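Protein chains: 2
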Amino acid sequence: MRGVSIVGAGQTSFGEHWEKSFKELIAEAGIKAIDDSGLARKDIQAVYGGCMASGRFIGQEHIGALIADQLGLNPIPSTRLEAACASGGVALRNGYIAVASGLYDIVAVGGIEKMTEVSTEDASFALGGAGDQETELFMGATFPALYALMARSHMKEFGTTEEQMASVSVKNHKNAVHNPFAQFRTEITVEQVMQSGYVASPLKLLDCSPISDGAAAVILCASDVAKKMKMDGKAVEIIASTQASDTLALAHRHNLYETRAAKIAADQAYKQAGIKPADVSFAEAHDCFSAAEIMAIEALGFCKQGEGGKFTEQGNTALNGAIPVNTSGGLKACGHPVAATGVKQAIEAYLQLNEMAGKRQVRGAETGLTHNVGGSGATAVVHIYRRL
Amino acid sequence: MRGVSIVGAGQTSFGEHWEKSFKELIAEAGIKAIDDSGLARKDIQAVYGGCMASGRFIGQEHIGALIADQLGLNPIPSTRLEAACASGGVALRNGYIAVASGLYDIVAVGGIEKMTEVSTEDASFALGGAGDQETELFMGATFPALYALMARSHMKEFGTTEEQMASVSVKNHKNAVHNPFAQFRTEITVEQVMQSGYVASPLKLLDCSPISDGAAAVILCASDVAKKMKMDGKAVEIIASTQASDTLALAHRHNLYETRAAKIAADQAYKQAGIKPADVSFAEAHDCFSAAEIMAIEALGFCKQGEGGKFTEQGNTALNGAIPVNTSGGLKACGHPVAATGVKQAIEAYLQLNEMAGKRQVRGAETGLTHNVGGSGATAVVHIYRRL
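From first to last, the protein sequence lines stand for chains Y and F. Those letters in the first sequence? Residues 1 to 388, per the working numbering, in order. Those letters in the second sequence? Residues 1 to 388, per the working numbering, in order.
If you're looking for bench data, these hints aren't it; they were derived computationally from the structure. Note that the structure is predicted; figures quoted are calculated from it, not measured. Mixed in with the good hints there might be a few duds.
Intra- or inter-copy, both count: the list cannot distinguish identical chains.
[Unchecked claim] Pairs of lysine to any residue residues, derived as SDA-like cross-links and limited to a Cα-Cα distance of at most 25 angstroms, are as follows:
1) LYS271 x MET1
2) LYS230 x ASP105
3) LYS42 x ARG253
4) LYS276 x ILE58
5) LYS20 x GLU134
6) LYS20 x ASN255
7) LYS310 x THR161
8) LYS42 x ASN255
9) LYS20 x ALA249
10) LYS310 x VAL177
11) LYS271 x PRO75
For reference, chain Y alone in the conformation it holds in the complex (with noise of 0.2 angstroms):
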């Protein structure tokens, strides 16, 4: 297994496209991102892109296809990748795993989610699709009912409050002012925040990611090959790609106030880097929801278990805290168009360790680390990055 370097992104905004089509949002970050590494598509030999929920969204499947025939690769392989949530996220871990293994030098990495062309209910239906349907969703429990459901046990368990909660929410809005391509670019206050209506408590609406349109791609490379080919100006190389499984229903974990997958997953990254959390310069973690950032960063280890409500609260994960996490706006602000998401945070790495991210850089990023969570917790992806 060689090194696997990106070495070009691309984006569109999130937010509402009502005016772009599923296919023009892929155009539009995929030859961002071809055009961003300085190579023709001819050199792209393979595909790979996440997407959770097209069918039911939008009626297409058939998605690595499509991507292929858009950017106009074709012949070359084009695989789609689904984990719910974290379909981008396992979409670079295996354009990752196809570039370590030598079958191919160079290949693009992409995650797209079109939702907002069926009614909330509909939209609600197919993201419970990441839950288990069958126990879950068809017993009616939503997706932020199942993670209201966590926040509770979490608060019951080490006493965090709604307050904690809701620090979440305002300091990845204060960050999203910055990132241009970011859904909602307006500070937040805690208070409001408190007076939102509540969803599913303890959640209320500004504790929940939005519904979101977008896409996010990234081109890899070799690490070896893009030395050679002197594409190392930008390139940020994968140091660790791990992903990990829990039960799909709430009702078979252990306990509701961590996320083991994310555990394992994040446990074996830092083993495969070589390195400790106290080394992470900044980390894009998967706050679909304000209590998930909370036992994110706890299952991250950049705070004890339990602390992370605290922890966020007195400033820590701030921009200029001891472990800025969600530079982009995270989930909650920059948007969450699914299985665009973790490919976005491998962006925002990307930026952070290129120093490209303007208002929003932290200062002296040397190692990035993205998590990526599939439905209540069931999949877990890991990545962790620094400059080639």
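Start from chain Y and add chain F according to the hints.
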């Protein structure tokens, strides 16, 4: 990249499984495959599962996590692959790459589809997602209609007859009689095919593969590890694994009478394996429609372009012919639970090469080939197998 072998296989019967759930089908095929390999669950390091349209068929996504959970394999990485009707083949190929890379020694690969829980109209819409919804299905073209255009083009270009197409179905039904897992274990005649109603002219009901439920699974092991662990008794090595893409919509193809992605994947596979079409002892080809098998055997080089109809009518692809095709009964008669098909094809190769195919055994089978197609040909996956 090191050698990879199939060391175990299991499948459910294909058909209408009113009494078994999606999850139960996965458990049945998965446990059979693990048992057949002689391994324990703890030996399996990752799962690659193909599934096309579970979102539309049963409202469930996140199939990778679901499979791992259902088989008690947590917390290993488990990933869903989708490439329409080639989802199984693509899952096999990604499992192969992961083992060939050295990342894992042993992985499970599966394919699953439960299609009978929705109305025929809804199933038709879901399957339409394999083509270009925007320019095809939404304009009124069902999937049989797309293949009818291809069949008509082949007839016009090469003089292929409806009787020749019918001979594909007749042969595949004849083979299925001897496959205990097949959906239709009854012989049919050319006259019966000719008299069955038109679905989309020139394709009649008996030219079309059915809507089916089913699951199939294989266990892959690095060939050197299989030898070391004395697991090489029934081991079948994958000596080539290739994939190619074409435009999603028929309207963008150079012509409609050939499947270009299949030709490219086949040529690459022969090159990887270091063999010629004449070296293949038997093949499983993607006969979603009878005309598709005719185009498949041309793309695979078993006969010249345009001669697939005559070649089949003359018995060359029969069980005792020069190159037996679809000894399992193919999609037409074994059934076609979409994503299970590509994995079932690999199981047929495993059985044939181990002389475990009973009355449908190909005598002296040394080299097997499988050809799995997504949509109207936008994805093609080819694998070639030999005893380890």
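Consistency of the hints with the structure:
no.: 1; hint: LYS271 x MET1; in the structure: both (16 angstroms within a copy, 24 angstroms between copies)
no.: 2; hint: LYS230 x ASP105; in the structure: within (14 angstroms within a copy, 34 angstroms between copies)
no.: 3; hint: LYS42 x ARG253; in the structure: between (47 angstroms within a copy, 19 angstroms between copies)
no.: 4; hint: LYS276 x ILE58; in the structure: neither (42 angstroms within a copy, 42 angstroms between copies)
no.: 5; hint: LYS20 x GLU134; in the structure: between (34 angstroms within a copy, 14 angstroms between copies)
no.: 6; hint: LYS20 x ASN255; in the structure: neither (42 angstroms within a copy, 30 angstroms between copies)
no.: 7; hint: LYS310 x THR161; in the structure: within (9 angstroms within a copy, 75 angstroms between copies)
no.: 8; hint: LYS42 x ASN255; in the structure: between (49 angstroms within a copy, 23 angstroms between copies)
no.: 9; hint: LYS20 x ALA249; in the structure: between (35 angstroms within a copy, 20 angstroms between copies)
no.: 10; hint: LYS310 x VAL177; in the structure: within (24 angstroms within a copy, 67 angstroms between copies)
no.: 11; hint: LYS271 x PRO75; in the structure: between (38 angstroms within a copy, 17 angstroms between copies)
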